[in-house]
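Kindly generate the complete structure, drawing on both the sequences and the hints.
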Amino acid sequence: MACRIRFCGIIFATILLCVLPAAVFAQYGGPRMDHENTLPPTPVGPTPMTADGHPDLTGLWNGLADNLLGVPNQMHNVGIEVGPDSTRDIHSGAQIATWPLQNREKQNNEQNERAATLLRRMGSNRPIYKPQYWQRVKDFDANSNEEDPSNNCMPAGVPRMGVPSYIAQTPTYLIFVYPGQGGLIATATSYRMIPTDGRKHTDIEDLDGTWNGESIGHWEGDTMVIDSIGFNSTSWFDQLGGYFHSENMHVIERLHRDGNTLTWTATVEDPDVLLEPWTTTPRVALLNPDPKAILPESLPCSERDFAHVVTKEHH
Amino acid sequence: MTMRITRTKALAKCAFAIAAFFALVLQPAGGQNNNAKSSPAAKVPSNGAVDDVTKSSASDVARTLRTAAEALGLARWSGVGGQRLPEVDVINTMEMWGSGTTYAPGPSDKPGEPRLAFKTEYHAAIGYNPPAMRVELTRTVSGAPQHTIEVVRDNFAWDESEIGAGLIPGKGVATPTMAAVSIRQLQLWTLPYGVIKAAVAAGDKAKLSTEKGATVISFPLSGQLADVIVRATLDPQNEIAKVETRAENPALADLNTETEYSDYADHGEIATDVKSPGHIVRKQGGHLLLDIKVKMLDANNPYLVFPVPQNVKMAAAH
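The listed protein sequences correspond, in order, to chains A and B.
Okay, so the first sequence: first residue is 1 according to this note's numbering, each after it adds one.
Okay, so the second sequence: first residue is 1 according to this note's numbering, each after it adds one.
Please note: incorrect hints may appear among the correct ones.
As the list claims (entries may be wrong) - Simulated pairs of lysine-lysine, BS3-like, Cα-Cα distance not exceeding 25 Å: (1) B:LYS293 to A:LYS138; (2) B:LYS171 to A:LYS138; (3) B:LYS119 to B:LYS295; (4) A:LYS130 to B:LYS119; (5) A:LYS130 to B:LYS313.
Think of the hints as simulated: they come from the structure by calculation, not from any bench.
This is the structure we're talking about:
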């Protein structure tokens, strides 16, 4: 009976963290990261340029489709590179023991989920908080079923929302669209309108803290650099880990297009809670090659499962 | 004609399937048994500790390490999403809580003098990438608690007056203890998880033997512990039951340790299917050092960090 209760907990936790339909990604089509490794895709083709001489970031950047949903992509996102012959952590360079998959026995859902939780959390690239906050991060993480704002259908916010699924580029603005998604975190549809003239930020005192903050972009060579301030302190800044921040968080995103790939990183500065700035693992999105591909409507995020969760097991 | 060819093909397929089935069924399940059966055992004269040595190939070693890694819940794969990734070592960070007894030399520290025993609360934060460990002991000495925090990361060692001491000016004191690097690193690499990782890293230098019917994996450590040979004995469940370390350099006698692990289970409040020993007994130089019962293990790669304080880096540089 205890086992059944625990199993139910896993089921409900999984449902809870997938309150939006995972089937969304299946509608995108296009190639995906090879599921026998976690290597980023190799760029193909030329990088289109705009009339004003900048790389054209316009496009549907969901070619990997499951950048939040699949364990291989989640491992890639934390810097674990599983190649054909070896596995390594790209941040520390550490080699990680790997055994070829053989005599694969079927695991039940519980075993699969527990293994997935470990796999997507094994990276070494962790923000260094001030010591007085170490326990708080651990507590948030261990109790993320209740504490993670995304589990209550709150926006992911910058930079947790990661790579935009759609970018429209004009000479003066970038428009980013993030469809609602399930999987690792559940988020509502979100958008950003980012001026790219490098103007000064509004005085921080005059900004109401928001999920996405005030974002201003400029070009550094062929890289779009987006500087954001003016956040609330409610969101977490990475997909896993309970990484909270203060209202003084400052985020610098970098987007670089190479052929049909878009590499995104974000650096988080928050001297209120962090000992030093922290930079995400570079995430590589693949251009959707289907000229007819569109972003489908996301269903509303609605949390109805907390009451059924009976363990702390989580993503 | 076409029918005959089809029937022949069908029979061939059937025969192949039957052969494959028996090949799978008859294949020994564990690395321990594999090794015992795959090579003839050679009796060698010994001091009594070794009664049976089996020559092992690299594949035997790899198979045994894989079996031990799977028994521990360290080698894992997930079918979520339907991918076909290999099994990988999923353990990076973990946190262990226990209670029991620690021992220390008597006041004169003379041979034969009874060791002092202290009731102890044990808390260890463990990391393998980068290699690091923070051991917090709260001993009851003459009825009063005595609290120590000992840290090692890579080739730095220091004591903390409080968790994270020395990272922010005015927040605690970090005292460099560089002489303790080796013995603290040894604690990390002699935990069951460390043994598997270090044995895999040792590559061709890792050897198998069968002693008193049990599988033993022997390998040298590396880096600052390159003089140390580890011998890890597996129990019938392929869990690491005993880890002995011997330093080849007599000046490093402190690194001669013996640790026994038993009562393996998933001790996590949040289940991970990662097993940990429930009972740890460690000896150093033949003397009891620690005897604890594990109360809880968080193996879910929790947020544990080990930044090196600036004054410790400076002390190491001089």
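_Check the structure against each numbered hint from earlier and tell me which ones fail, lowest number first._
Failing hint: just 4.
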